[in-house]
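Residues per chain are reported as follows:
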Amino acid sequence: MKVRSDLLPQLLRATPARIGAQRAGTRPRSSSLLAFRWDHALAKDAVHTGLSPQFLDTFAQARNYPVVQSTACDRRDYILYPPKGKKATEQAILQLTSCCPLQCDVQVVISDGLSARAVETNAPDVLSMIEAGLKLENILAGTPVIVRLGRVAIGDQIAHALKAKLVINLIGERPGLSSSESMSAYMTYNPGPQTISSDRTVVSNIHNMGTPAAEAGAYIVKLAKTILHKQVSGVRLQQLP
Amino acid sequence: MESFLSVGIDIGTTSTHLVVSRLHFDNSSAYSQAPKLEILRKEIIHQGAVRFTPLSADGSIDAEAVAQIIAAEYACAGLVPGDIRAGAIIVTGESAELRNAQAVANELSRFAGDFVCASAGPNHEAALAARGSGAWEASRSRGKTICNVDIGGGTVNAAVIASGQLIDTAAMAIGARFIRLDDRLRVLSITSRARQLLGDLIAPLDLLHSGGVPTANSHSMSSNFQAGDREEVPPVMCASLLTIVDVVAQCILQFLTTAGTDERLQSVMLTNPLQLDRYTIDQFWFTGGVGELMAVSQSETSAAPIEPARYGDAGVVLASSLVKLLKHWQINYLIPTSPIRATVIGAGMHSVQLSGATIDAAEDVLPVTNVPLVRLDLNSDYTVDRLRQQIESECSYRDHDWQRVCMALFIETLPDTSFDRLKQLSMDIAQLVRDFNACAPHIIVLKQDAAAALGMLLRAELNGRSLIVIDGIEAADGDYIDIGKPIVHSQLGTTALALPVVIKTIIFRN
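Protein sequences appear in the order of chains H and A. Per our numbering: the first sequence = residues 1 to 241. Per our numbering: the second sequence = residues 1 to 510.
Excised from the complex, chain H in its bound form (with noise of 0.2 Å):
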């Protein structure tokens, strides 16, 4: 079918998709097929790579938060044996109860998930948002706490282990070829070995071109005054009437 040319541009714009990427013979056009390698290896990389040695330092160690590893070794470890990475290793969980506030309304776990890039471009301004909103919600929240080679369920044993109400894990979602910088944020009410997938609140597709950080914060801030008030998350929290 002939594509109309002047329609073809209305329609790329209208989706992040791989559109209208024509063939030449029988294999896609050169830049089709190299943008598609582009975005292929941007995916790949942001999951075989972790939180760089400047996150740490201009963001972990310069507001003094609090850097702790799961039971993982490295990223290869990481990657191929996914239980590790839901797990803190018990000097970690102890070095937490040692140095941060226990019994907070919220606790804010930072983890690279399967893209450290996502976390390093989203995270400083989701985390500014959610405590400029909370303060102006008078809701208590703890030092936020960053974990490498950290999954999903990590945030809930580290908010147990610190007695918070709340947590919320700001991690890296897998990688797609449209974009390797999307973030997520995963919300357990009373958080703890029991948590089940169905008991997380998830705020899912925080990038530029999805929800921007900020707004997403600012969404989270919403979400948790909720969950708060309501004392549920997940499933049950949609339910309700």
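By construction, these hints were calculated from the structure, which means they are not laboratory data. Beta carbons are placed, not taken as given, at the ideal position from N, Cα and C, and that holds for glycine. One should not assume that every hint holds.
Coverage of chain H stretches by chain A, computed from C-beta distances (three or more under 8 Å per stretch; other residues unrestricted) [said to hold, decoys possible]:
1) 67 to 75
2) 105 to 116
Computed from the model, here is a short list of chain A residues facing chain H with C-beta under 8 Å [unchecked claim]:
3) Ser-418
4) Ala-450
5) Ala-452
6) Ala-453
7) Arg-459
8) Thr-495
Each computed DSSO-like pair below joins lysine-lysine, with the alpha-carbon atoms no more than 27 Å apart [said to hold, decoys possible]:
9) H/Lys-135 with A/Lys-423
10) H/Lys-230 with A/Lys-36
11) A/Lys-423 with H/Lys-222
12) A/Lys-42 with H/Lys-225
13) H/Lys-84 with H/Lys-44
14) H/Lys-163 with H/Lys-84
15) H/Lys-222 with A/Lys-36
16) H/Lys-165 with H/Lys-44
17) H/Lys-230 with A/Lys-485
18) A/Lys-36 with H/Lys-225
19) A/Lys-42 with H/Lys-222
20) A/Lys-42 with H/Lys-135
21) A/Lys-42 with A/Lys-423
22) A/Lys-485 with H/Lys-222
23) H/Lys-86 with H/Lys-44
24) H/Lys-222 with H/Lys-165
25) H/Lys-44 with H/Lys-135
26) A/Lys-485 with H/Lys-225
27) A/Lys-36 with A/Lys-327
Since chain H is already given, all that's left is putting chain A on it; use the hints.
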């Protein structure tokens, strides 16, 4: 999916009509994402009859009679005003020039339902007709440039839509009722604007009907039919009358197809002319009362042609003259279904939009109506001083006192939506609010998705003052905004609320 009812009421030069539609909305975001409430489907549930616009003896709009029309249509649809959640009442054509137009529109908007907005203005009218006719959607889906031309009793309103974007509007003050005829096709009156336009061409008519019937300056819509002495000859349109209508049709097409304004058209232009050197129009769509008559005139199957004197004006003849000229000049045109209702459908179905669902609003101050929008240009190197100057010049231009009457700051583009940017902006806005000692509520309207964040930061700066910050809104310089009480989605509860918003112009030209 959930829904609410919206009404559109059009009080035109000749006719008044009403349409009630049901707007269905839902959260269009994925389960895990920040919500977005969107109107996903629209359906007309009641289409009122087309009636003559009721006028009092002094030529002003008869508000009571219009209210009766609204009440009768609601009754016919089985509705009460309390069922209507939103909508718009638009005073169009020459009715907008009548001296009580604004008061009547405001009064009726309160009568018609909970959040029914009063609006007027030739460009606004043109845009609503393009929405209601379907030209806008056709342009978007086909990637074409379509000019929707709404011709009513008093005005021609043109809106140009390119690939779903409104790129131009213009209007001229001539329509079917530039000349009033009796049932014998004798001239009763000619508007002063038409007299200016037609000049010497009028003379033979005046001679022909020198019984003193034609009254100069008669904008009056009142049916001051003066029967005159009846002669027993069949009604025949005299040649000079046909010539005049042809000239008017030519003027209309000249207005639509020729760049720049001819000296001759100057007297009837209500706005700047179309900027035809900037784009090429693929197709013209004709709507309005004259559009309706054009549909009849061009259909060869139509059994009985309408008698020329049917509506007591030039409508029937003007329509056939336009069709003849369009065909002769081989202009690509189309007449959509229900052309006479384009504007009212536009007002009822397309004037209400929903704001983004992550916003910040003090609900107790809602609704707010007729709030002027002041557009702020925010380059990356803006300063508070420059914003202050922009506001000052806008206030003096529009004769607006921000201390006494509230105003909405419209920020179309932010250089970025980062935390630092929004934090700085919230401090700057708070500074402006204090400097101007601005009247509350403080209303900020954004296009980009940043209202919840900016609202939260601004609330910290302006502790305790009532605040409305919304996003997802498109508007233009000189527009006004109405913001209604939240539209609540049963599953999302209060974490995500969208506000119904109407962006409009209010230009009553009396």
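Hint check results:
Given as covered by chain A, the segment 67 to 75 of chain H fails the check, having 0 residues with a CB less than 8 Å from a CB of that chain where 3 are the minimum. Look at the segment 105 to 116 of chain H against chain A: 0 of its residues bring a Cβ nearer than 8 Å to a Cβ of that chain, fewer than three, so the hint is violated. Nearest Cβ of chain H to the Cβ of A/Ser-418: about 6 Å, under the 8 Å cut. The hint holds. The beta carbon of A/Ala-450 comes within 5 Å of a beta carbon in chain H, closer than 8 Å, and the hint placing it at the interface holds.
Satisfaction of the interface hint for A/Ala-452 is found here, the shortest Cβ-Cβ separation to chain H being roughly 4 Å, below the 8 Å cut-off. Checking A/Ala-453 against chain H by beta carbon gives a least distance of about 4 Å; that is within 8 Å, so the hint holds. Of the supplied interface hints, the one on A/Arg-459 holds, with its beta-carbon coming within about 6 Å of a beta-carbon of chain H, less than 8 Å. For the restraint placing A/Thr-495 at the interface with chain H, the shortest Cβ-Cβ distance is roughly 5 Å, inside the 8 Å limit, so the hint holds.
Simply put, H/Lys-135 and A/Lys-423 have alpha-carbon atoms about 14 Å apart, close enough for the 27 Å limit, and the pair holds. As the CA atoms of H/Lys-230 and A/Lys-36 are separated by approximately 22 Å, the hinted pair is consistent with the 27 Å bound. Taking the CA atoms of A/Lys-423 and H/Lys-222, the gap is about 18 Å. The hint holds against a cut of 27 Å. Simply put, A/Lys-42 and H/Lys-225 have alpha-carbon atoms about 34 Å apart, too far for the 27 Å limit, and the pair is violated.
The hinted pair formed by H/Lys-84 and H/Lys-44 meets the criterion: a straight-line CA distance of about 20 Å does not exceed 27 Å. In summary, the hint linking H/Lys-163 to H/Lys-84 is supported, as the alpha carbons are separated by about 23 Å, within the 27 Å threshold. Taken as a hint, the H/Lys-222 and A/Lys-36 pair is honoured in the structure, with Cα atoms around 15 Å apart against an allowance of 27 Å. Taken as a hint, the H/Lys-165 and H/Lys-44 pair is broken in the structure, with Cα atoms around 36 Å apart against an allowance of 27 Å.
The straight-line distance between the Cα atoms of H/Lys-230 and A/Lys-485 is roughly 24 Å, inside the 27 Å bound, and the hint therefore holds. A C-alpha spacing of about 19 Å is found between A/Lys-36 and H/Lys-225, which places the hinted pair at or below 27 Å, so the restraint holds. A C-alpha spacing of about 31 Å is found between A/Lys-42 and H/Lys-222, which places the hinted pair above 27 Å, so the restraint is violated. For the hint pairing A/Lys-42 with H/Lys-135, the CA-to-CA distance comes to about 42 Å; that exceeds 27 Å, so the pair is violated.
Between A/Lys-42 and A/Lys-423, the direct Cα distance comes to roughly 39 Å. Violation of the 27 Å bound is thereby established for this hinted pair. Our distance criterion of 27 Å between C-alpha atoms is met by A/Lys-485 and H/Lys-222, whose separation comes to about 19 Å. Taking the CA atoms of H/Lys-86 and H/Lys-44, the gap is about 21 Å. The hint holds against a cut of 27 Å. Under the criterion of a C-alpha separation no larger than 27 Å, the hint pairing H/Lys-222 with H/Lys-165 is consistent with the structure, at around 16 Å.
About 38 Å separates the Cα atoms of H/Lys-44 and H/Lys-135, which puts this hinted pair outside 27 Å; it is violated. A threshold of 27 Å between alpha carbons decides the hint, and for A/Lys-485 with H/Lys-225 the separation of about 22 Å falls inside it, so the pair holds. For a cut-off of 27 Å, the pair hint linking A/Lys-36 to A/Lys-327 is broken: about 47 Å separates their Cα positions.
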